[in-house]
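**Student:** Input sequences plus hints: build the corresponding full structure.
The chain contents come next:
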Amino acid sequence: MAILSARIQLLVAAILFLVCAAVTPLAAQQPTSVNPTAEAVKEQQLLQQLKRIQGLGSIPDVKSYVIEQPQGREWRQFHEVWLHWIGAIAVLGMLAVLIVFYLTRGMVRIEAGRSGINIMRFNAFERFVHWMTATCFVILALSGLNITFGKDMLLPLIGPSAFSSWSLAAKYAHDYLSFPFALGVILIFFMWLAGNIPNRVDVEWLKRGGGIVGKDHPAAYRFNAGQKAIYWIVVIGGAAVAVSGYVLMFPFYGTTIADMQLAQIVHGVVAVLFVAAMLGHIYIGTIGMEGAFEAMGQGTVDFNWAKEHHSLWPKLKEQNLRTGPGELRGKPSATPAE
Amino acid sequence: MRAFLAACLAIVVIGVGSYFVLSTLQQPTGVAYTSDGARIGPMELTRGIPAAQGGQGD
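So the sequences go chain by chain: Z and D.
The numbering of the first sequence is this note's numbering, which starts it at 1 and goes up by one.
The numbering of the second sequence is this note's numbering, which starts it at 1 and goes up by one.
Simulated from the structure, these hints should not be mistaken for laboratory data.
If you're wondering where the values come from, they're calculated on a predicted model, not measured in any experiment.
Idealized CB from N, CA, C, for every residue including glycine.
Just so you know, nobody snuck in bad clues.
Where chain D lies over chain Z, by a calculated footprint (3+ residues, C-beta under 8 angstroms):
id : stretch
1  : 123-129
2  : 132-140
3  : 179-189
For each label pair, taking beta carbons as the anchor points, the in silico distance ranges come out as:
id : chain 1 : residue 1 : chain 2 : residue 2 : range
4  : D       : TYR19     : Z       : ARG109    : 44 to 54 angstroms
5  : D       : VAL12     : Z       : LEU50     : 45 to 55 angstroms
6  : D       : ASP36     : Z       : ASN35     : 41 to 51 angstroms
7  : D       : MET1      : Z       : VAL97     : 29 to 39 angstroms
8  : Z       : VAL62     : D       : ALA6      : 47 to 57 angstroms
9  : D       : VAL31     : Z       : THR255    : 14 to 24 angstroms
10 : D       : VAL31     : Z       : TYR102    : 44 to 54 angstroms
11 : Z       : GLY209    : D       : VAL16     : 40 to 50 angstroms
12 : D       : ALA6      : Z       : TRP85     : 34 to 44 angstroms
13 : Z       : GLY106    : D       : VAL21     : 43 to 53 angstroms
14 : Z       : TYR65     : D       : TYR19     : 28 to 38 angstroms
**Tutor:** This is the structure in structure tokens:
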């Protein structure tokens, strides 16, 4: 009996052993609930949490270790989208206004006609400084607008090879012509500062719209309020683009990435507004007003032109004393043959 | 007209002069933003590295 009991116990133990041995491999083949990749860091997750992509590098410039950051994406939005809109509205808007104005108002004529007597308005040095600044401005404007708009507007027209050659030359011109431009702005500031301080006469001139509509001729000294506005736009705008431009030309000389981004924003916005303002200046100095271009072209203006547009200019009194007020007869700008 | 021509001449003189001045002051980016141990282009292979070490590979 005891032997039978022992044999039964041995049999039960063997059966249990076999059952356990069979279950364990089965259990090992079941799919595990642990996902080994769940704990791994995903790049997208990092980007969403940290809002930046950065790592380590071997070159000394640690700024290069940051590949992407929120401020960079905002700056990209500015210079790829907003600046394009600001520039297009400013420049094209000004062109549209000038075209409409010329078609409706036409050229502002010398009402009394030309007197035939010319008086000196700008001497040789003044004209030299103006043309040095103006010529540089035109080249800087075209090359600068190419940086913003060239890829979208010019590249499809002329193709990549011509566009890259043009852009390379434009970039060099933009950088190196900045120096004569900045010099010109500084000279203009000192040269014409005395005549461009605003005064009460300018307030009255502005109230009467400068006489640009109708036949009004508000009084003005050597420079009227419109010219003073152009002067200060050139001085302040020129200083802004020059300073921000040199920050961009000498990258990270004491500036951070944020500083460079700010410099580019200032440079871009001021530059396109500057271009728009100068379009108005070019208009009024060429086709907008009879006798205006001669002032900077030859340096002299007609006496009647000066009397109508700058009646308080001291030089008029000098001329009047030399020739006498009664000797000046106005000739109509289009005199029929008699 | 003479004032305009003089201005153009001044632009060329100042522009060319600034090119030479800046060339002496500034380094190419491949030199300014790299070190002897990290090169970014074939032009920098000879930058400060003795000729005997050239061609040993990375």
